[in-house]
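Enquirer: Quick note on my numbering: the sequence shown kicks off at 14 and runs consecutively.
Don't read these hints as lab results, they were simulated from the structure. Small disclaimer: the values here were computed from a predicted structure and weren't measured. Please note that a few of the clues may not be correct.
DSS-like cross-link-like pairs, simulated, lysine-lysine; straight-line CA separation at most 25 Å [stated by the list, open to error]:
(1) K70 x K159
(2) K124 x K298
(3) K131 x K81
(4) K158 x K226
(5) K159 x K298
(6) K281 x K159
(7) K81 x K158
(8) K318 x K277
(9) K158 x K122
(10) K318 x K261
(11) K131 x K298
(12) K226 x K159
(13) K318 x K131
(14) K182 x K261
(15) K318 x K182
(16) K159 x K182
(17) K298 x K158
(18) K182 x K34
(19) K182 x K93
(20) K34 x K164
(21) K81 x K164
(22) K261 x K70
(23) K93 x K164
(24) K261 x K298
(25) K159 x K277
(26) K158 x K33
(27) K158 x K93
(28) K226 x K298
(29) K298 x K277
(30) K33 x K164
(31) K33 x K122
(32) K122 x K226
(33) K182 x K122
(34) K122 x K298
(35) K131 x K164
(36) K70 x K122
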Amino acid sequence: MTINFEEYFRSLTEHSGNQKKIPINAPVGVFYGLSNDGYLRLSILSLRGGPQMESTKQLRVTQGEESKGVYWTCFDLLSKEAEPVFYSFCSNLLEAIEGSANESEALNKLKIRYIIWKSLFKKEATGNVPFETVQGLFGELYFMKKYMFGKYDIPTSIRAWSGPDALSKDYAIGADWYELKTVGAHSSCVHINSVTQLSSDIPGHLVIVRAEKMASEFSNGESSILELFESILQAISDETVENIFSSKVASYGINISDTAFSVKFDVKDLNLYSVINGFPRITLKEVPCPEITNVSYDISIAAIKQFAED
């Protein structure tokens, strides 16, 4: 269901504490209104206590039992400048819990969705996130979910993800490393941004994800950053790992209300190539002068077929 929360909240009078129910297909009650101190509020009513959620500088979370068997989880917006984002936040929470089978499922989905906002909630969406950043982040999350989780355990995979930390390799586990490139579906080459990306005395892997940008109506499983982000969060069972993961995504500077977060991709294929002796690359040892500080180059994808892994 689509709810215009801007209209909902603008229709409120100045009477604080008066909550109005929102009709929604969910096993919990949803209300909107004002807190006793006048802040915009979204409230969730349940018959059991929900998982604990921490407040942020802009979102105050209050939870407690009003009377026997009646529990509230309330989200209050503390920054007036962030009202447009708060409207998106409210809609996003309702999308998460709508259609849940029971209270336990709804409250768990509520917490998972809030974790996303806790790290990514900002005053306003930038609206100018470079497409390369969006495509790159999508590819790294796709590779994490589709490959890393199958080879390593989930906490190890997430801790190994170094892409947002601006390190030389996107994933590093022990002596093993992966450098990931997400390109268009019909790209003939990959761009290596710096000499360090494929430089190593230890064999590693170049990962190429081919993905085509699609219309917003496209639906083929986890086809956006948001869908992958939620899916990965649901797979994590440790709160510390949840925070590590959401913080790393937040470091990319993408706000959940940016359209970039919902850009759809159709992944055509994912291939790994062994970066070993003979692989076409420029290493640090081959840079002739220390005065040369930036080396980038392109690699033909067709020319490295012999290094493809099964």
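Enquirer: All hints are to be evaluated individually against the structure, with a verdict given for each.
Expert: Each hint, compared with the structure:
1. K70 x K159: Status violated; Cα separation ~35 Å.
2. K124 x K298: Violated, because 49 Å separates the two Cα atoms, which is more than 25 Å.
3. K131 x K81: violated (30 Å)
4. K158 x K226: holds (19 Å)
5. K159 x K298: violated (34 Å)
6. K281 x K159: holds (13 Å)
7. K81 x K158: Violated, at about 42 Å.
8. K318 x K277: violated (28 Å)
9. K158 x K122: Roughly 19 Å between the alpha carbons, so the hint for K158 and K122 holds.
10. K318 x K261: Distance ~33 Å between K318 and K261 Cα, so the pair is violated.
11. K131 x K298: violated (44 Å)
12. K226 x K159: holds (19 Å)
13. K318 x K131: violated (43 Å)
14. K182 x K261: holds (15 Å)
15. K318 x K182: Given pair K318, K182 holds - Cα atoms ~22 Å apart, limit 25 Å.
16. K159 x K182: Given that 25 Å is the threshold and the Cα spacing comes to 19 Å, the pair holds.
17. K298 x K158: At roughly 34 Å apart (the allowed maximum being 25 Å), K158 and K298 break the hint.
18. K182 x K34: Distance ~50 Å between K182 and K34 Cα, so the pair is violated.
19. K182 x K93: Roughly 41 Å separates the two Cα atoms, so the pair is violated.
20. K34 x K164: It is violated: about 46 Å lies between the C-alpha atoms, which goes past 25 Å.
21. K81 x K164: violated (47 Å)
22. K261 x K70: holds (19 Å)
23. K93 x K164: Between K93 and K164 the Cα gap is close to 46 Å, so the pair fails against 25 Å, i.e. violated.
24. K261 x K298: violated (31 Å)
25. K159 x K277: holds (17 Å)
26. K158 x K33: Measuring from Cα to Cα gives roughly 40 Å; hence the hint is violated.
27. K158 x K93: violated (37 Å)
28. K226 x K298: Cα-Cα ~37 Å, so violated.
29. K298 x K277: violated (40 Å)
30. K33 x K164: violated (49 Å)
31. K33 x K122: Given that 25 Å is the threshold and the Cα spacing comes to 22 Å, the pair holds.
32. K122 x K226: Not OK: K122 and K226 at ~28 Å, beyond 25 Å, violated.
33. K182 x K122: violated (33 Å)
34. K122 x K298: Judged against 25 Å, a Cα distance of about 50 Å means the pair is violated.
35. K131 x K164: violated (30 Å)
36. K70 x K122: With Cα atoms ~22 Å apart, K70 and K122 stay inside 25 Å; holds.
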